[in-house]
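**Student:** In case you want the letters, here they are:
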Amino acid sequence: MHNVQVHGEDILKRQLELAEKNRRLLEGNNVIAISVMGAIGSGKTSLIERMIDRLIADGRQVGTIAADSAGDDDHRRFLAHGANSINLNTQDDCHLDAHTVDHAVSHLPMETLDVLFIENVGNLICPADFPLGTAKEMVVISTTEGDDMVRKHPKIFAQTDILVLNKTDLADAVGVNPERIVSDYAAVNPHGTAILTDARHNAGIDELLAALGL
Amino acid sequence: MHEYSVASEMIHALLPKAETIDGRIVAVILKKGEMRILSDQALANAFELLAQGTVLENARLVVELVSVRVSCPACGYEGAVDHVSDDAFHFAVPILSCPTCQSEVDMKAGRELYVDSLTVQTPSEAEQA
Numbered sequence: 021m022h023n024v025q026v027h028g029e030d031i032l033k034r035q036l037e038l039a040e041k042n043r044r045l046l047e048g049n050n051v052i053a054i055s056v057m058g059a060i061g062s063g064k065t066s067l068i069e070r071m072i073d074r075l076i077a078d079g080r081q082v083g084t085i086a087a088d089s090a091g092d093d094d095h096r097r098f099l100a101h102g103a104n105s106i107n108l109n110t111q112d113d114c115h116l117d118a119h120t121v122d123h124a125v126s127h128l129p130m131e132t133l134d135v136l137f138i139e140n141v142g143n144l145i146c147p148a149d150f151p152l153g154t155a156k157e158m159v160v161i162s163t164t165e166g167d168d169m170v171r172k173h174p175k176i177f178a179q180t181d182i183l184v185l186n187k188t189d190l191a192d193a194v195g196v197n198p199e200r201i202v203s204d205y206a207a208v209n210p211h212g213t214a215i216l217t218d219a220r221h222n223a224g225i226d227e228l229l230a231a232l233g234l
Numbered sequence: 000m001h002e003y004s005v006a007s008e009m010i011h012a013l014l015p016k017a018e019t020i021d022g023r024i025v026a027v028i029l030k031k032g033e034m035r036i037l038s039d040q041a042l043a044n045a046f047e048l049l050a051q052g053t054v055l056e057n058a059r060l061v062v063e064l065v066s067v068r069v070s071c072p073a074c075g076y077e078g079a080v081d082h083v084s085d086d087a088f089h090f091a092v093p094i095l096s097c098p099t100c101q102s103e104v105d106m107k108a109g110r111e112l113y114v115d116s117l118t119v120q121t122p123s124e125a126e127q128a
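Protein sequence lines, in the order shown, are assigned to chains A and B.
First residue of the first sequence? That's 21 in our numbering, and the numbers climb one at a time after it.
First residue of the second sequence? That's 0 in our numbering, and the numbers climb one at a time after it.
Wrong hints could be hidden among the right ones.
Below, computed lysine-lysine pairings styled on PhoX-like, alpha-carbon distance capped at 25 Å [to be verified]:
1) A:Lys175 / B:Lys31
2) B:Lys16 / A:Lys175
3) A:Lys33 / B:Lys107
None of these hints come from the bench; they were simulated from the model.
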């Protein structure tokens with residue numbers, strides 16, 4: 021037996037190229053795009069709603085891409101808060117990719133937007149492998165998911181700029197110590213920023229906006 | 000669970016080359032960066048299924064891990080990174096930080112995913128074996 025060298029192109033090269041195309045389009049239009057990842061029920065949509073309210077009050081135009089397997093619940097929530105929203109059903113796909121985002125942004129008024137939130141499908145594994153071309157990425161987890169979330173999904177946290185720990189108001193009720201999550205995150209990502217929020221009661225939103233450079 | 004689509008893209012890209020090879024393709028060597036979140040077993044299963052009816056049928060998918068390598072803009076360090084050693088993580092998780100000065104680093108390797116080589120057995124090699 022012998023080896024034949026192939027040195028094939030990166031299998032995900034097309035995805036990386038499309039992500040770069042998205043990045044150029046967004047930056048060219050001065051749109052700050054934020055990729056929002058996190059588990060189902062962690063509070064991604066509520067956090068984006070709170071941020072939309074603050075940004076619009078500040079006179080800024082906000083766009084959203086609401087990705088879910090099915091339905092348009094999140095999309096309608098964003099519209100009700102005054103965002104320019106696109107609903108994106110991935111059907112059975114477990115993550116967004118740069119190609120889908122490329123299509124979605126073509127339906128948004130890019131020249132008038134200041135900020136674009138891209139809410140990914142609720143999943144802590146697949147989205148990490150598919151950059152979308154955003155300026156920042158954040159992962160949302162909630163105290164109700166338990167204080168072992170970072171240890172269960174270390175790779176996504178090791179490579180994401182911002183960890184948002186939401187539902188801090190419920191930490192005591194579910195017996196979770198937020199400090200444990202924050203220290204686990206610091207261990208896998210010493211340069212990341214951890215923000216504690218309680219979206220329902222509007223706590224920590226200003227800190228989150230500051231961490232995102234908004 | 001995007002291993003199926005990854006295996007599909009890999010086979011699609013590989014077939015034109017694989018079909019020109021004289022001999023039986025025994026193995027496909029895939030290089031996978033340490034930061035990639037892909038299951039080797041799921042990749043192998045998807046590959047086995049999707050390769051049926053092609054020259055890659057019966058080839059084994061061998062996944063070889065590529066360690067994270069970084070360069071540090073602050074101190075000039077180039078090389079491997081430390082890993083989280085806490086037993087609670089069970090797996091060694093690379094820390095994307097300079098092991099000498101703890102600054103932020105640029106990742107030079109660790110996210111790749113490509114077919115490196117094929118292991119081939121020609122008819123004469125089969126006879127000798």
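**Student:** Would you mind marking each hint as holding or not holding in the structure?
**Tutor:** Cross-check of the supplied hints:
1. A:Lys175 / B:Lys31: With Cα atoms ~14 Å apart, A:Lys175 and B:Lys31 stay inside 25 Å; holds.
2. B:Lys16 / A:Lys175: 33 Å, violated
3. A:Lys33 / B:Lys107: Roughly 16 Å separates the two Cα atoms, so the pair holds.
Checked against the numbered hints given earlier, this structure breaks only hint 2.
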